[in-house]
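Trainee: Make the full structure from the sequences, and use the hints.
In terms of full-length UniProt numbering, the sequence shown has 1 at position 1, counting the first letter as 1, and numbering is strictly consecutive.
Computed cross-link-like contacts, DSS-like style, restricted to lysine-lysine with a CA-CA straight-line distance of at most 27 Å:
id, residue 1, residue 2
1, Lys-87, Lys-115
2, Lys-117, Lys-75
3, Lys-117, Lys-59
4, Lys-107, Lys-117
5, Lys-113, Lys-246
6, Lys-101, Lys-75
7, Lys-101, Lys-113
8, Lys-267, Lys-246
9, Lys-117, Lys-85
10, Lys-201, Lys-17
11, Lys-75, Lys-115
12, Lys-168, Lys-263
13, Lys-59, Lys-101
14, Lys-137, Lys-59
15, Lys-107, Lys-85
16, Lys-137, Lys-101
17, Lys-168, Lys-246
18, Lys-101, Lys-115
19, Lys-59, Lys-85
20, Lys-9, Lys-201
21, Lys-113, Lys-85
22, Lys-168, Lys-267
23, Lys-75, Lys-85
24, Lys-303, Lys-201
25, Lys-3, Lys-201
26, Lys-117, Lys-246
27, Lys-115, Lys-59
28, Lys-85, Lys-115
29, Lys-75, Lys-87
30, Lys-303, Lys-17
31, Lys-75, Lys-107
Okay, the calculated beta carbon distance ranges per label pair:
id, residue 1, residue 2, range
32, Leu-119, Ile-185, 47 to 53 Å
33, Gly-67, Leu-314, 48 to 54 Å
34, Thr-128, Glu-259, 33 to 39 Å
35, Leu-314, Lys-115, 46 to 52 Å
36, Lys-267, Ile-205, 47 to 53 Å
37, Ile-32, Met-210, 42 to 48 Å
38, Val-278, Gln-306, 20 to 26 Å
39, Ala-98, Met-320, 57 to 63 Å
40, Lys-17, Met-210, 20 to 26 Å
If you are wondering where the hints come from, they were derived from the structure by calculation, not from laboratory data. Quick caveat, the model's predicted, so the values are computed rather than measured. All C-beta atoms in this analysis are idealised placements derived from N, C-alpha and C, irrespective of residue type, glycine included.
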Amino acid sequence: MTKIFMVAKETFWRQVKSWSFLLLILGPFLVIGINVGIGVLSQSEKSEDTIGMVIVDQKLSSAFSDGYRLYDNEKQAEIDFEDQKIKEYVTVDVVDNAQIKLTYHGKANCSAKLKQKLLMQAQVVQQTLNQQVAHLKPQQIEQLSLQPQFEEYNIGKTEESVNNTDVKMGSFVILCFFLYLLLMIYVGVTSQEVAVEKGTKIMEIIFSSMPGGDYFIGKLLGLMGEIILHIGIYIVGGYMAWQGVKHLDALEHYVAMGEPFFKAFLKNIGLVNLIYIVIALILSITLAIFCGALSSKPENANKSGQPVFYLVILGFVLGMTFQNQPDSTILSVVSYIPLLSSFTMPIRIINETASTLSVSLSLGINLITLIGVIYLIRRLYPRLILQTDDAIWKALKRSFHG
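Mentor: What follows is the structure, encoded as structure tokens:
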């Protein structure tokens, strides 16, 4: 047992100390950091402080003061505009004590977003002005301010409004892409790792001091430790990044929009879907080790690992194809097939179309398959890893009859 953990430890540290692992970890955070930085800079460049607001009638100052650079006269606004201290400016006045008038000045047409905001602000003031001009009584003003009433009754199960179909599908797509990327990365890394060791003198020395099956288990544990560390860093780093972004005033609006989705995403993922991810990872890594051991040359490792790649791609394609068809018969059948079910059963779970019995049966099939594959490859691995010159099919045949 000690030797198994020694192999696991050596495999783990060799992988996590590599530059490729470091880049793999830092890559997403760098991309997110760059995008957040661009967003903050873009937001600051588009800050409404670059928009001048000339308020001719000072009674309107309270309605148009927020977010603009205020001017008492148009002359100063023109000077700042020519000096490029402001990109555009708007004059606001009351015509004949009855109508709000907005006049835009800029080097291009007023953006639709700014125009909509100005008109909404003006509409509030215009409504108050209309009431004053019409000399309405308080009861009449109250009647005019009434808004339509809308009620909604959900006859089905009561859920938070954020947990709708779009959020469910978004949760699945994120989950599916995450699993797909992890599998594609680590299947290639694992098959290459094993292929490089195959047939070397070091392997002969190691196998003379410990059973080859134990070495296989140690390598599997080491690689799974690397993946767990990888996912753990993403979870902790992602949480810290989210908490940091929440304190950026420039992104406050986007955070407010994204937080309900983030909470709904965590709710939709659930423990069962995480179990499917873990099973898919262990099964894929086990098969990748087997494929690497089948390779006759290190440069052929990716070629020997193609069957696993194809399975992962097939699972991903099926998941994307049936994401909007949770009641599909094909989806139901595929959700019981090991590895493919990790991409398809989450659709049924998130949309609540899979019964507890169906999920239990699917998980049972996956676990039995996983145990069987690990047991079989543990027996075949020692017979494959020391061979160097056999073709894939010949090596496979010899391992079963060895």
